[in-house]
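Peer 1: Below are the chains, spelled out letter by letter.
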Amino acid sequence: MKLRPIGIVYRKELRDLMRDFRAIISMIVVPVIIVPVIMLGALKIVKMTMKSEPNIMVLGAEGSPGTVAALRALHKFDFVPASEDFTNLIRTKRIRAAVEIPKDFDAAVDSDRMTSIRIYAYQGEPTSMQIAQQLDEFFRQRRDQTVRRRLAERSLPETVAVPFDVQRENVASPKQVTGSLLGMILPYVLIVMCLTGAIYPSVDLTAGEKERGTLETLLSSPVDRTNLVLGKMLAVLTMSLGTAALAITSNGFAFYFVQRGGMAKLPLELDPAALIGVCIVMIPLAVLLSSVTVAVGLFARSCKEANTYLQPMLLLAILPAIVAALPGVDFNYRAAFLPVVNISLLCKEMLAGTSHWGHILVVFGSTSVYAALTVAAAVKLFKRESVLFRS
Amino acid sequence: MIEARQLTKVFQDRKRGQVRAVDGVDFRCEPGRIFGLLGVNGAGKTTCLRILATILRPTAGTAVVQGFDILAEPEKVRASIGFLSTATALYGRMTAYELVEYFGRLHGMEDSALHARIETLFQTLDMNGFRDRRCDKLSTGMKQKTSIARTLAHDPPVMIFDEPTLGLDVLTARTVLGFIRECGQQGKTVIFSTHVMSEAEKMCDEIAIIHGGRILAEGALAELRQRTGEEHLEDIFIKVVEGRV
Chain A
1 MKLRPIGIVY RKELRDLMRD FRAIISMIVV PVIIVPVIML GALKIVKMTM KSEPNIMVLG
61 AEGSPGTVAA LRALHKFDFV PASEDFTNLI RTKRIRAAVE IPKDFDAAVD SDRMTSIRIY
121 AYQGEPTSMQ IAQQLDEFFR QRRDQTVRRR LAERSLPETV AVPFDVQREN VASPKQVTGS
181 LLGMILPYVL IVMCLTGAIY PSVDLTAGEK ERGTLETLLS SPVDRTNLVL GKMLAVLTMS
241 LGTAALAITS NGFAFYFVQR GGMAKLPLEL DPAALIGVCI VMIPLAVLLS SVTVAVGLFA
301 RSCKEANTYL QPMLLLAILP AIVAALPGVD FNYRAAFLPV VNISLLCKEM LAGTSHWGHI
361 LVVFGSTSVY AALTVAAAVK LFKRESVLFR S
Chain B
1 MIEARQLTKV FQDRKRGQVR AVDGVDFRCE PGRIFGLLGV NGAGKTTCLR ILATILRPTA
61 GTAVVQGFDI LAEPEKVRAS IGFLSTATAL YGRMTAYELV EYFGRLHGME DSALHARIET
121 LFQTLDMNGF RDRRCDKLST GMKQKTSIAR TLAHDPPVMI FDEPTLGLDV LTARTVLGFI
181 RECGQQGKTV IFSTHVMSEA EKMCDEIAII HGGRILAEGA LAELRQRTGE EHLEDIFIKV
241 VEGRV
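From first to last, the protein sequence lines stand for chains A and B.
The C-terminal residue of the first sequence carries number 391 in our numbering, and the numbering is unbroken.
The C-terminal residue of the second sequence carries number 245 in our numbering, and the numbering is unbroken.
Calculated directly from the structure, the hints in this document are not laboratory data.
The structure presented is a predicted model; accordingly, all values stated were derived computationally and were not measured.
Where a beta carbon is used, it is the ideal one built from N, C-alpha and C, also for glycine.
Incorrect hints may appear among the rest.
Unchecked claim - Here are the simulated EDC-like pairs of lysine to aspartate or glutamate, each with C-alpha atoms no more than 20 Å apart in a straight line:
#1 B/Lys76 x B/Glu3
#2 A/Lys103 x A/Glu125
#3 A/Lys383 x A/Asp224
#4 A/Lys383 x B/Asp69
#5 B/Lys137 x B/Glu98
#6 B/Lys202 x B/Glu182
#7 B/Lys137 x B/Asp126
#8 B/Lys137 x A/Glu211
#9 A/Lys383 x B/Glu73
#10 B/Lys76 x B/Glu110
#11 A/Lys76 x A/Asp136
#12 A/Lys2 x B/Glu75
#13 B/Lys15 x A/Glu385
#14 B/Lys143 x B/Asp169
#15 B/Lys76 x B/Asp155
#16 B/Lys137 x A/Asp78
#17 A/Lys2 x A/Asp224
#18 B/Lys143 x B/Asp132
#19 B/Lys143 x A/Glu211
#20 A/Lys2 x B/Glu110
#21 B/Lys202 x B/Asp155
#22 B/Lys202 x B/Glu218
#23 B/Lys76 x A/Asp16
#24 B/Lys76 x B/Glu30
#25 A/Lys2 x B/Glu73
#26 B/Lys143 x B/Glu119
#27 A/Lys76 x A/Asp104
#28 A/Lys380 x B/Glu75
#29 B/Lys137 x A/Glu100
#30 A/Lys2 x B/Asp111
#31 A/Lys304 x A/Asp20
#32 A/Lys383 x B/Glu75
#33 B/Lys143 x A/Asp16
#34 A/Lys304 x A/Glu211
#35 A/Lys93 x A/Glu125
#36 B/Lys137 x B/Glu110
To be verified - Not the full set, but computed from the structure, chain B residues with beta-carbon under 7 Å of chain A:
#37 Arg78
#38 Leu106
#39 Met109
Input sequences plus hints: build the corresponding full structure.
Peer 2: This is the structure in structure tokens:
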């Protein structure tokens, strides 16, 4: 292995890629423009959806104008006239929920008689469940007010009805709260961007060279094939890490503007050491992904064939990243040896401030070993005539 | 100097089984002379030249190029040769100057010597008009000149040309052939493969007729004429290939 020829090949490949419109699209336009635009757009749509007041229906309620007026005063719902077909309307999502208030409900409450409220919703439909929750909360609050009033009328302390209070306290620091939230999305974004950033360059520098007939020109130079392929892999790695770095930066700015514009209330207190740690552990994974994509590109006879092989690989990398990002999926030593999953789980821990050196060493070590093996495999492939001149 | 000794290359083909693309080939090319490998498509010319350029490894036998064994010192062999074929395309997103500079660097040339060499080459080959133009914007002739400059950047003593005029128009082909002739006149060892009889007749000091991976006849044109009793190379070639000699 000689550094000078590797450097010559690396600089040439990088310059060549930076002149390629398609590489610029995959490395710069997608992470810097398209991903944040999609993210901001999605938030905007969510906000628009949240702003619109969902339709609900009040059934019965004769003689209970006070309760209905209090419900209307919330200004959270649009009231649809009562209809006997309300269950079907909920099922077809024309209304999100219905609340059945018995006749003379207000009078029953005032006269200490037992009565009940019934809420109809679509189980499993998120909006309907959310509206049902809001209605439930509204009536619980009214029930508590009634209890307090009745106790006061009887000169009894509130503790007769509420003997003790339950309070929940957050012990996590704001940095940990931010880290835990980011831990669910950031590793996934980084892994996907590392892979997206590697795919186009690796196909272009391997199968692309075969297709354009420049590979034979390159092989006629005196540089050892190990150095040639290492120079290429370094260029792919640079593109992969560059894409991930640009994605973090642009998404960071997008979050900042989201926060400033009041589109979402997101905590932005982040531990810089955790972020740097995440970037470092991401390096062996980027090497692994770059060398795998280069190996696949070398094996393929054409760019089309390489892309056919790499599409399933994208899924293979994304699925473990999604699984690891799910709430409740935590680090364990068996998962520490699973590529992609291990990095994703470790990043989650690091961002949440709960990582241990043992975990970091095992994940960094195992991923580095996998990366070294795939680099060696790619080098070996580049030396095989049956692969380079596959027809 | 190039000396091939029992060069053999066997490929595994899924449909045809073992294919002997080159089968025990022996020949010797001397400096200052143009050695032609003449054969039809699929005769084994390209495989033979790729082995000499150490792009492929022989299954058996070996060759010595400029004193270096192709198996023992492939990097030194490649450093001594300039390899040009129709398959050696150019990087489309690089300019003509950048491309020649890149290959000069891959040959280990220092920048000052390399830049001086490029200036000379661009002057000689009349390339200054398109030196900063991207290779994918060049005409076929300009591309071929750039390829020639690429092979000459490190001033190699041995030149290997694999069907260098294939698909070129008459004017461009003429430029390439003139360049090959100049290489011979400069004392370089030149090996040149073609299936065009007139080219071989005009260019080569020595001709080897290759067919089915084996060299069936070798010698100067006069010798081949004497041996076959035929005047034209095409007739000589047919007679040799059909085994009537």
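Peer 1: Confirm or reject each hint.
Peer 2: Hints versus structure:
1. B/Lys76 x B/Glu3: This hinted pair holds, its Cα atoms lying about 15 Å apart.
2. A/Lys103 x A/Glu125: violated, 29 Å
3. A/Lys383 x A/Asp224: This hinted pair holds, its Cα atoms lying about 10 Å apart.
4. A/Lys383 x B/Asp69: holds, 19 Å
5. B/Lys137 x B/Glu98: holds, 14 Å
6. B/Lys202 x B/Glu182: holds, 14 Å
7. B/Lys137 x B/Asp126: holds, 17 Å
8. B/Lys137 x A/Glu211: holds, 18 Å
9. A/Lys383 x B/Glu73: Holds - the C-alpha atoms of glutamate 73 of chain B and lysine 383 of chain A are around 16 Å apart, at most 20 Å.
10. B/Lys76 x B/Glu110: holds, 17 Å
11. A/Lys76 x A/Asp136: holds, 14 Å
12. A/Lys2 x B/Glu75: holds, 13 Å
13. B/Lys15 x A/Glu385: holds, 18 Å
14. B/Lys143 x B/Asp169: Between lysine 143 of chain B and aspartate 169 of chain B the Cα gap is close to 13 Å, so the pair holds against 20 Å.
15. B/Lys76 x B/Asp155: holds, 14 Å
16. B/Lys137 x A/Asp78: violated, 65 Å
17. A/Lys2 x A/Asp224: Since the Cα atoms of lysine 2 of chain A and aspartate 224 of chain A sit roughly 9 Å apart, the hinted pair holds (cutoff 20 Å).
18. B/Lys143 x B/Asp132: Distance of about 13 Å is within 20 Å: holds.
19. B/Lys143 x A/Glu211: holds, 17 Å
20. A/Lys2 x B/Glu110: holds, 16 Å
21. B/Lys202 x B/Asp155: This hinted pair is violated, its Cα atoms lying about 25 Å apart.
22. B/Lys202 x B/Glu218: holds, 16 Å
23. B/Lys76 x A/Asp16: Not satisfied, since the Cα-Cα distance of roughly 28 Å exceeds 20 Å.
24. B/Lys76 x B/Glu30: holds, 19 Å
25. A/Lys2 x B/Glu73: Holds, at about 16 Å.
26. B/Lys143 x B/Glu119: holds, 17 Å
27. A/Lys76 x A/Asp104: Status violated; Cα separation ~24 Å.
28. A/Lys380 x B/Glu75: The given pair, whose Cα atoms are some 17 Å apart, holds under the 20 Å limit.
29. B/Lys137 x A/Glu100: violated, 76 Å
30. A/Lys2 x B/Asp111: Satisfied, since the Cα-Cα distance of roughly 18 Å is no more than 20 Å.
31. A/Lys304 x A/Asp20: holds, 17 Å
32. A/Lys383 x B/Glu75: holds, 14 Å
33. B/Lys143 x A/Asp16: Holds: lysine 143 of chain B and aspartate 16 of chain A sit about 18 Å apart, inside 20 Å.
34. A/Lys304 x A/Glu211: holds, 10 Å
35. A/Lys93 x A/Glu125: holds, 9 Å
36. B/Lys137 x B/Glu110: Violated, at about 28 Å.
37. Arg78: holds, 4 Å
38. Leu106: This interface hint holds because 4 Å falls under the 7 Å limit.
39. Met109: At 11 Å from the nearest chain A Cβ, methionine 109 of chain B fails the 7 Å test, so the hint is violated.
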